[in-house]
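Take the given structure of chain A and dock chain B with the ligands to it, following the hints.
Chains as they are written, first to last, in my numbering: chain A, 1 to 320; chain B, 1 to 266.
Among the hints, a few may not be true.
Pairs of lysine-lysine, BS3-like flavour, derived with a Cα cap of 30 Å [stated by the list, open to error]:
#  : chain 1 : residue 1 : chain 2 : residue 2
1  : B       : K119      : A       : K23
2  : A       : K203      : A       : K85
3  : B       : K168      : A       : K266
4  : A       : K203      : A       : K132
5  : B       : K227      : A       : K198
6  : B       : K67       : B       : K119
7  : B       : K249      : A       : K198
8  : A       : K131      : B       : K227
9  : B       : K67       : B       : K244
10 : B       : K227      : A       : K132
11 : A       : K266      : B       : K244
12 : A       : K109      : A       : K131
13 : A       : K85       : A       : K132
14 : B       : K59       : B       : K3
15 : B       : K59       : B       : K168
16 : B       : K227      : B       : K59
17 : A       : K132      : A       : K109
18 : B       : K3        : A       : K109
19 : A       : K131      : A       : K23
20 : B       : K3        : B       : K249
21 : B       : K67       : B       : K168
22 : A       : K132      : A       : K198
23 : A       : K109      : A       : K203
24 : B       : K227      : B       : K244
25 : B       : K249      : A       : K266
Don't read these hints as lab results, they were simulated from the structure.
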Amino acid sequence: MSINEREIILEARNVTKVFRTSKGRPLLANDSVNLTVRRGETLGIAGESGCGKSTFIRMATMLDPPTSGQILFRGQDVSGLRGEKLRAARRHVQMVFQDPGEAFSPRMKVKNIICEPLRNFGLISRSQVRKKAEELLAMVELPPEYAERYARDMSGGQRQRVGIARALALEPELLVCDEVTSALDVSVQKRIVDLLLKLQREKNITMIFICHDIALVRAFAHRTAIMYLGNVVEIVPGRQLGISPCHPYTEALRNALFDLDMDFSKPIEAIESEAPSPLDVPPGCPFSGRCGHCSDRCRTEKPALRDIAPGHQVACHLFD
Amino acid sequence: MLKVDNITVEYDGVPVLENFSLDLSTGQVVCLVGESGSGKTTVIRAILGLLPEGGTVSKGDILFEGKSLLHSEASYVESLRGRDITMIFQDSGAMIDPISTIGSQFIEYIRAHDRSLSKRQAYQRAAQMLTQMRLPDADNVMHSYPFQLSGGMRQRVGIAMAMTFEPKLLLADEPTSALDVTTQAQIVRQMMDLHIYHQTSIIIVTHNLGVAAYMSDLSDRILVMKKGRVVESGNREEILHHPKDPYTKELLAAIPTMEGEVYVDQ
Ligand SMILES: Nc1ncnc2c1ncn2[C@@H]1O[C@H](COP(=O)(O)OP(=O)(O)OP(=O)(O)O)[C@@H](O)[C@H]1O
Ligand SMILES: Nc1ncnc2c1ncn2[C@@H]1O[C@H](COP(=O)(O)OP(=O)(O)OP(=O)(O)O)[C@@H](O)[C@H]1O
Ligand code: SF4
Ligand SMILES: [Mg+2]
Ligand SMILES: [Mg+2]
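Just chain A, with the same shape it has in the complex:
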C-alpha cells in the first residue's frame, strides 16, 4: 500500500498559535498551518531558527493547545482534551525534546528518567526498572552501567540519547523528534537513524523529524515541510528536497550548506538582510523582505500552497 492510501495519524487544520510577549504584544508563531502525517511515514520539518517548528510540534503532541484550528489524532480532535482523556491520548505520542533539560531533571538517575513513562502508566514494577533501562540504553548505544548515572554527569550527545531511549520506552504510534541528532557525531547519528528506520519498519511507527541538516532530512523523511516565519512554504517528497524547482527560501537553505567539496576560499552564502520578526509579519509573502525574486504582488498578496508536481506543494507566486 502506498503511503498516500494509509490511515492519517495526525492532521493539523489551520493551526495558529499566538503568544503574548512580556509587553503584551501578540506574536504570531504559527500562521494557519495545515499538515498531515500518515501511518508509517516520516514527515521532516526544516526551517529558520525561531520560525515556529517547536511551537507546532508542542501542539501536535498535545503539550500546548492551539490558539485556533484543530489537531486531529487518528481522526479525533484532541485540541481541547483535558484531564484523564488527554493523558490517555498522549500515551501514543512521544516526543524527544530539542533541549533534554525540558524532559528531565539533570539530578535524576538515568534509569528513572528512561522508565518514568512506563512507571506512570503502571506498565512495569519498580524491580523491573533497572533491567528495562539497560535494554533501552543498549538500543541507543550506551553502556548498561549508565543506568545508575545522573544525567548531569553525561556529555551532551549522551544526554540526548537518554531522551531518545525514554521516548521509545512506550513504543509510541507517533514519535516526534525535535532536533535530536544535532548533538551527535555523524557516525553515532547514522546508527541512531538506522535504529529509528528499523523501528519504523518493524512497528510501523509514524515520525515527525525536525532537523536542520537538510541533507539528513532528505535521506530520512518521506516528505519534508519547509517552514518560514510561522508558515509552511513548501512540502516536498524526500529526495526532491532542494532540487529545483523549489521555494526561494529552500534554495537559500541549499546554498548555505557547508559541504566538504565546497570552495573554502569563497565566503559561504548567507541571507545577509535582517531577520523578519513574528511580531511584525509582512502583509504579503512571509519571505518577501529577503527574497531576490520579490515583486510588488509579493508584498501585498500572500501566496497559498499549490501543487506543482505530485506530492509537491509550494507557496510562491513564481509558480502560479
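Just chain B with the ligands now, kept in the frame of chain A:
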C-alpha cells in the same frame, strides 16, 4: 598564546581525557571533532577552569600567554574569563538563568566586565550584539524570559555574549548545531570576522566537518577525538582528503550529503 601540555582529566578518579596536548598561537583556529562522549567539552571546560564538580586535571598544565592557568590564583583566571577568554556553551539554554530576562542578564554580564558603561550604554551594546546575531527585534528579545525564545534564539544569545568583548581566545562548543543552515552560515561568518579583524584565536568543537574545514585555514589544525584521545590531527587538506585513522574515515563516510543515498522508499 595557549599551550595545553599533556593534560589528563578525571571525573571522580576515572580518566576521561588522557595526555591531551594542544598549541594555539595568536589568530589561529583549532577544531575539535569526534565521537560523542570523547572529551571535547571536557577540554574546553578544563581550559576555562570550569570543570563540573568531581572533575580535576590530574596531570599536565595549561598555559595562557605563558602563565599557568592551573597554578595561578583563582582571581587571575576569573579576571580573564568572560573578557579575554570567553566560551559559547554547547547548551546555552541551560546556562541562562530561567527566571530573569535576557536583558537583565546581558546587562549584568557587560557591566561586570566593563564598569565604565552605564546601564543604558550596556543595554545598547547588548541590543547591537543581538541584532548582529540576526535575532529579530532585539528589544523584544531583551525583554523576554528564556522560555519565550526558541532553542536557536537562546543559543544565539549565548554567542552574542561571548563575542561582546572581542576576546583574545574564543572557546566555542557546538556553537551552531542548534541553528538552521542559513543562520549557521551567518554566525560562522561573524566568528570569522572576529578572527580576522581582532586576531581572536578560536577553539571550536563541532560535529560538522564542513564547518571545521571552512573555519580552518591550511595553517590551522583539526583534531579528531575518540574515547578521550586524539586519534588524528592535521590541516583540512590532510583530514578531508588524506585521512589515515580508520575512525576519521568512518566519520567522513557517515556524513549525509544532498546527493547521497536515501534511506526510505519514497
Ligand atoms: N512560551 C512562549 N512565549 C512567547 N513566545 C514564544 C514562546 N515560545 C516560543 N515563542 C516564540 O515563538 C517563535 C517560534 O519559536 P519556536 O520555539 O517554535 O521556534 P523553532 O522553529 O523551534 O526555532 P529553533 O530552530 O531555534 O528551535 C519565536 O519567536 C519564539 O520567541
Ligand atoms: N560530571 C561528570 N561526571 C562523570 N563523568 C562525566 C561528567 N561529565 C562528563 N562525563 C563523561 O566524560 C566523558 C567525556 O564527556 P564530554 O562532555 O567531554 O564529551 P564530548 O566529547 O563533549 O561529547 P558530546 O559530543 O556528546 O558533547 C563522557 O563519557 C561523559 O560521560
Ligand atoms: S512569493 Fe514572491 S517574495 Fe515570496 S518567495 Fe515567491 S517570489 Fe519570493
Ligand atoms: Mg525549536
Ligand atoms: Mg560536548
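So, going through the hints one by one against the coordinates:
Restraint check for K119/B and K23/A: satisfied, since their Cα atoms lie roughly 20 Å apart, inside the 30 Å limit. A hinted pair counts as satisfied when its Cα atoms are at most 30 Å apart, and K203/A with K85/A qualifies at roughly 25 Å. A threshold of 30 Å between alpha carbons decides the hint, and for K168/B with K266/A the separation of about 25 Å falls inside it, so the pair holds. In summary, the hint linking K203/A to K132/A is supported, as the alpha carbons are separated by about 19 Å, within the 30 Å threshold.
The straight-line distance between the Cα atoms of K227/B and K198/A is roughly 27 Å, inside the 30 Å bound, and the hint therefore holds. Under the criterion of a C-alpha separation no larger than 30 Å, the hint pairing K67/B with K119/B is inconsistent with the structure, at around 34 Å. Distance check on the hinted pair: K249/B and K198/A sit about 25 Å apart at the alpha-carbon level, within 30 Å; holds. Taking the CA atoms of K131/A and K227/B, the gap is near 26 Å; set against the 30 Å cutoff, the hint holds.
Distance restraint check for K67/B and K244/B: the Cα-Cα separation of roughly 35 Å exceeds the 30 Å cut-off, and the hinted pair is therefore not satisfied. The hinted pair formed by K227/B and K132/A meets the criterion: a straight-line CA distance of about 26 Å does not exceed 30 Å. With a CA separation close to 27 Å, the supplied pair K266/A and K244/B stays within the 30 Å bound. Using a Cα cut-off of 30 Å, the hinted pair K109/A and K131/A holds, with the two alpha carbons roughly 14 Å apart.
Taken as a hint, the K85/A and K132/A pair is honoured in the structure, with Cα atoms around 27 Å apart against an allowance of 30 Å. Restraint check for K59/B and K3/B: the C-alpha separation of about 14 Å stays at or below 30 Å, so the hint holds. Distance hint between K59/B and K168/B is fulfilled; the C-alpha atoms sit about 26 Å from each other, no more than 30 Å. About 18 Å separates the Cα atoms of K227/B and K59/B, which keeps this hinted pair within 30 Å; it holds.
A C-alpha spacing of about 14 Å is found between K132/A and K109/A, which places the hinted pair at or below 30 Å, so the restraint holds. Under the criterion of a C-alpha separation no larger than 30 Å, the hint pairing K3/B with K109/A is inconsistent with the structure, at around 37 Å. The hinted pair formed by K131/A and K23/A fails the criterion: a straight-line CA distance of about 50 Å is larger than 30 Å. For the hint pairing K3/B with K249/B, the CA-to-CA distance comes to about 28 Å; that is within 30 Å, so the pair holds.
The suggested pairing of K67/B with K168/B holds, with an alpha-carbon distance near 15 Å, which does not exceed 30 Å. Distance hint between K132/A and K198/A is fulfilled; the C-alpha atoms sit about 20 Å from each other, no more than 30 Å. In summary, the hint linking K109/A to K203/A is supported, as the alpha carbons are separated by about 29 Å, within the 30 Å threshold. Among the hinted pairs, K227/B with K244/B is consistent with the structure: their alpha-carbon atoms are about 17 Å apart, no more than 30 Å.
Proposed proximity of K249/B and K266/A is supported: the alpha carbons are some 26 Å apart, at most 30 Å.
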